[in-house]
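Novice: Please take these sequences and the hints and turn them into a complete structure.
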Amino acid sequence: MNDFLDLADLGSDGVLDLLGLAAHLQQCPDPTALAGRVLGLLFFNPSLRTLASMQVAMGKLGGTSFVITPGTGSWNVETQVGVTMNGTAAEHIREAIPVLASYCDALGVRAFAEGRDLAEDLAEPAFAQIASLCRVPLVNLESAVNHPCQALADWKTLDDFRVPNRGKFVLSWANHPRALPLAVPAAVAHMAALRGMEVVVLRPDGFGLPAPILDKARRAAAESGGSVVETSDRNAAFAGAHVVYAKEWGLTAKYGDAAADVRAREAAVDWTLRESWLAGARENCRLMHCLPVRRNVAVADELLDGPRSVVVQQACNRLTVQMAVLHRLLAGADPQD
Amino acid sequence: MNDFLDLADLGSDGVLDLLGLAAHLQQCPDPTALAGRVLGLLFFNPSLRTLASMQVAMGKLGGTSFVITPGTGSWNVETQVGVTMNGTAAEHIREAIPVLASYCDALGVRAFAEGRDLAEDLAEPAFAQIASLCRVPLVNLESAVNHPCQALADWKTLDDFRVPNRGKFVLSWANHPRALPLAVPAAVAHMAALRGMEVVVLRPDGFGLPAPILDKARRAAAESGGSVVETSDRNAAFAGAHVVYAKEWGLTAKYGDAAADVRAREAAVDWTLRESWLAGARENCRLMHCLPVRRNVAVADELLDGPRSVVVQQACNRLTVQMAVLHRLLAGADPQD
Amino acid sequence: MNDFLDLADLGSDGVLDLLGLAAHLQQCPDPTALAGRVLGLLFFNPSLRTLASMQVAMGKLGGTSFVITPGTGSWNVETQVGVTMNGTAAEHIREAIPVLASYCDALGVRAFAEGRDLAEDLAEPAFAQIASLCRVPLVNLESAVNHPCQALADWKTLDDFRVPNRGKFVLSWANHPRALPLAVPAAVAHMAALRGMEVVVLRPDGFGLPAPILDKARRAAAESGGSVVETSDRNAAFAGAHVVYAKEWGLTAKYGDAAADVRAREAAVDWTLRESWLAGARENCRLMHCLPVRRNVAVADELLDGPRSVVVQQACNRLTVQMAVLHRLLAGADPQD
Chain R
1 MNDFLDLADL GSDGVLDLLG LAAHLQQCPD PTALAGRVLG LLFFNPSLRT
51 LASMQVAMGK LGGTSFVITP GTGSWNVETQ VGVTMNGTAA EHIREAIPVL
101 ASYCDALGVR AFAEGRDLAE DLAEPAFAQI ASLCRVPLVN LESAVNHPCQ
151 ALADWKTLDD FRVPNRGKFV LSWANHPRAL PLAVPAAVAH MAALRGMEVV
201 VLRPDGFGLP APILDKARRA AAESGGSVVE TSDRNAAFAG AHVVYAKEWG
251 LTAKYGDAAA DVRAREAAVD WTLRESWLAG ARENCRLMHC LPVRRNVAVA
301 DELLDGPRSV VVQQACNRLT VQMAVLHRLL AGADPQD
Chain Z
1001 MNDFLDLADL GSDGVLDLLG LAAHLQQCPD PTALAGRVLG LLFFNPSLRT
1051 LASMQVAMGK LGGTSFVITP GTGSWNVETQ VGVTMNGTAA EHIREAIPVL
1101 ASYCDALGVR AFAEGRDLAE DLAEPAFAQI ASLCRVPLVN LESAVNHPCQ
1151 ALADWKTLDD FRVPNRGKFV LSWANHPRAL PLAVPAAVAH MAALRGMEVV
1201 VLRPDGFGLP APILDKARRA AAESGGSVVE TSDRNAAFAG AHVVYAKEWG
1251 LTAKYGDAAA DVRAREAAVD WTLRESWLAG ARENCRLMHC LPVRRNVAVA
1301 DELLDGPRSV VVQQACNRLT VQMAVLHRLL AGADPQD
Chain U
2001 MNDFLDLADL GSDGVLDLLG LAAHLQQCPD PTALAGRVLG LLFFNPSLRT
2051 LASMQVAMGK LGGTSFVITP GTGSWNVETQ VGVTMNGTAA EHIREAIPVL
2101 ASYCDALGVR AFAEGRDLAE DLAEPAFAQI ASLCRVPLVN LESAVNHPCQ
2151 ALADWKTLDD FRVPNRGKFV LSWANHPRAL PLAVPAAVAH MAALRGMEVV
2201 VLRPDGFGLP APILDKARRA AAESGGSVVE TSDRNAAFAG AHVVYAKEWG
2251 LTAKYGDAAA DVRAREAAVD WTLRESWLAG ARENCRLMHC LPVRRNVAVA
2301 DELLDGPRSV VVQQACNRLT VQMAVLHRLL AGADPQD
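Protein chains in written order, with my numbering: chain R, 1 to 337; chain Z, 1001 to 1337; chain U, 2001 to 2337.
For the record, the hints were derived by calculation from the structure and aren't laboratory data. A portion of the hints provided could be inaccurate.
FRET-style restraints, in silico, Cβ to Cβ [claimed, not checked]: (1) R2178(U) / G1332(Z): 50 to 58 Å; (2) T84(R) / G2280(U): 22 to 30 Å; (3) N76(R) / Q2027(U): 35 to 43 Å; (4) K1254(Z) / V2269(U): 56 to 64 Å; (5) D270(R) / D1257(Z): 49 to 57 Å.
Covered stretches of chain Z, as calculated for chain R (at least 3 residues, CB under 8 Å) [stated by the list, open to error]: (6) 1030–1043; (7) 1149–1162.
Here are some of the chain R residues that sit facing chain U, going by a computed Cβ distance under 10 Å [to be verified]: (8) F66; (9) G87; (10) R94; (11) L122.
Just so you know, even glycine gets a beta-carbon here, dropped at the ideal spot from N, CA and C.
Specialist: Dropping the structure here:
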């Protein structure tokens, strides 16, 4: 493993291998494995879980880390190629990435989607360029349409709660004051499909996942024996569900059209997930969310504070699985060897 | 000791015990005591001393730390229960605290008072909720009406300068452009009373400390043989003083009324502490302040730069005593054992 | 070496000694040299390279560090003496520096020029005061008119690329949306002169380096056998150049006059360095820049992405030479001893 950019690069065998290493490190900590190793962390966007858990993961393996936040204590950084930099950005990733990479043994980068042009966001131009500029292992801390650390942690959470590999996984759109990126829904739909699950994407009209995202999830499902469908039928979606994964994202029918997004969102203002919606789900159906979650906007208090919720465990697993990722990328050999 | 939230939880014996450990660690550093231990630091408000000294304290004991600052590189965090989160906060403490606690062995939190409703601030609703959500030891890095790290450091500073336990401790209100919280005056009045001192709170009319704060300090005084009085008589207050502790705080007579606070502050605009005020104090009367201090607004340069000032030593002692707090909370056993 | 404030304090022998130590540490890492040592980092201005590389340098030598950024998570800090602090600054360096110094074994400070009064900026009032207040070794991370870490790294880069000591070093003014400080041009002109180079400062009329900066560089040249001239003749400047060091700075003829600076800058809008300018330079003439660089404003893409550019190597060398600086300041003895 040279980078950690996409669970699709690993396949299900690769995922299971990493989860095995994560379990091993939970049992047998390896507190000097990364002694002398440095993780650089570059955050173009806010973070709580990733920011904290990545630093802790390095510390627990004996390494260190540093954080750069363009625009907050550090220069604004341009990602477009060929531009005349007479705006707010004083620095370009063509310098920033090679320089930061020279200071560290692996670099983690968070760079959300621009949210203006769907084809462009799907192509991940910023992240692809960053990857081409980075001569040390690169870790995707959430890009335009991917979030492999979250997806890996979520797989582990499904395992921890013994959700069957063939179980029904409902990825449900949820309300939010504004359009959020497609990274988590894309990564999570793919992850559940790769795990072999019956994936149902439930969303209002206009919020369907783009075809390339669905196609990628379906290719994973085809290999694993799972399936991926989309629907706007709430009752059908939740019937018999093992897991409901709530997530907010923007209008895809008119991607980047803020006014249309607002109108579509007003029509879907009742999409706050609540217990009554899950009447047809399994009794032990779990509620998942990648966090942060806006209470009583995306998900009602009653669900988040109720017995279905495993959202905190998902976040806890971020640390667990990222230790495995960093160990695999940076340690000389596996601890069990 | 399971948490470090209030010197009142410790009593004077508990404080002396911690100060003994602090002195021991100054003599005999224990640089691997907290190897592998992680301190999470959550700052809802700015900091210089606490932010630096807490990180250094962990480092000097062999541990590590991480910092989360809601609104700066991290999501704005809601503390109210039951609200519909359609404002600026993307995250709620009901998720943030359990998640951060899962990444660390102890969590330090700074969360200032709202400054709108006195009864509410005195009840510490945010901090009480945080404590209920945190399954690892919690350290109060300044809450609505408490600042135990500062109070503990100040006690040590009084000891370092051999201020008598029964000495006269004048907590003097000082000018500031706007209302500041009651945390330091409350914590320091209680600390001095617990140490057995003759505590005089000097303040303009309308700025009296709220009854629950005075009552708590008086209960401590009753046990220790000290006393607590309030006055607006400057000469009487400073006469024979061993210590003058300058501190700014808001109008309490009309708590949360910004216009009334401004008017009261205009009437007290001469409350910049200066040497001439201390004519009746002891020759070696010390000037204390928790910092940051606005020079020539709260305290004149002549005092801060003069021989009475021990404000830098107070800040230095933050590191010293916090190492003891963290050692007691997180090390397996005391170093002298 | 008690502080690291100016290459002029070291002389060329001192520089060569540090570069020797840097090379030694590259060959023979000393990962526990600074165990238990703490570097405080105080940034009044944004940073990417310095912020990351200083933390990494401490980590690679076994030490730790903390970062304070006034105005971002920490109080705004006043540097003027004697003022009445009723503005935005809650804290004064007269407290902040002694307090931070008490928490660490060395303190690094970045404090850019005010850019209003040339004589004042040349006198470095903030940095001089900080130095007088700091009882631990102080490291200049860029002050009003100096940047010794950059200059030391640049010397190493010149050595790495075997640029002759007597080679021609053209410091060329470059375009920028607004006036930048004189710190890098001053430090780099002095460094190249101290190395014995033929230094040519190329700039539009009105942007000449102030006499005290040129005089200092010329004193260094006089000792080393180098030379320092200024010109606005581009072809003459680049003819036979071994190195072109591009750098932006403000109008010096009317220093601090923003309107005049804008007008002068409009007249110099074509000063974007490009390959065609270097027709008369040596075939292997190197392009240097301290970064961050605004692409296609200060320097054209074709140069930054072309074979002449060593800007990333300059930044990489920041880490290398700063490890030597910190080792010399904080380690008990040199590793080779």
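Novice: Hint by hint, say whether it matches the structure.
Specialist: Results of checking the hints against the structure:
For R2178(U) and G1332(Z), the hinted distance range of 50 to 58 Å is satisfied, since their beta carbons lie about 56 Å from each other. Between T84(R) and G2280(U) the CB atoms are about 26 Å apart, so this pair conforms to the stated range of 22 to 30 Å. Checked against the hint of 35 to 43 Å, the C-beta distance between N76(R) and Q2027(U) comes to roughly 38 Å, which is consistent with it. Distance hint check for K1254(Z) and V2269(U): the Cβ-Cβ separation is about 58 Å, which falls inside the suggested range of 56 to 64 Å.
In this structure the hint that D270(R) and D1257(Z) lie 49 to 57 Å apart at CB is violated, the actual value being about 40 Å. Given as covered by chain R, the region 1030–1043 of chain Z passes the check, having 4 residues with a CB less than 8 Å from a CB of that chain where 3 are the minimum. Beta-carbon proximity to chain R at under 8 Å applies to 0 residues in the region 1149–1162 of chain Z; the threshold of 3 is not reached and the given coverage is violated. Interface hint status for F66(R): upheld, as the beta-carbon distance to the closest one in chain U is roughly 4 Å, under 10 Å.
For the restraint placing G87(R) at the interface with chain U, the shortest Cβ-Cβ distance is roughly 8 Å, inside the 10 Å limit, so the hint holds. For the restraint placing R94(R) at the interface with chain U, the shortest Cβ-Cβ distance is roughly 7 Å, inside the 10 Å limit, so the hint holds. At a threshold of 10 Å, the smallest CB-CB gap from L122(R) to chain U is about 26 Å, leaving the interface hint violated.
The structure does not agree with the numbered hints 5, 7 and 11 stated previously, though it agrees with the rest.
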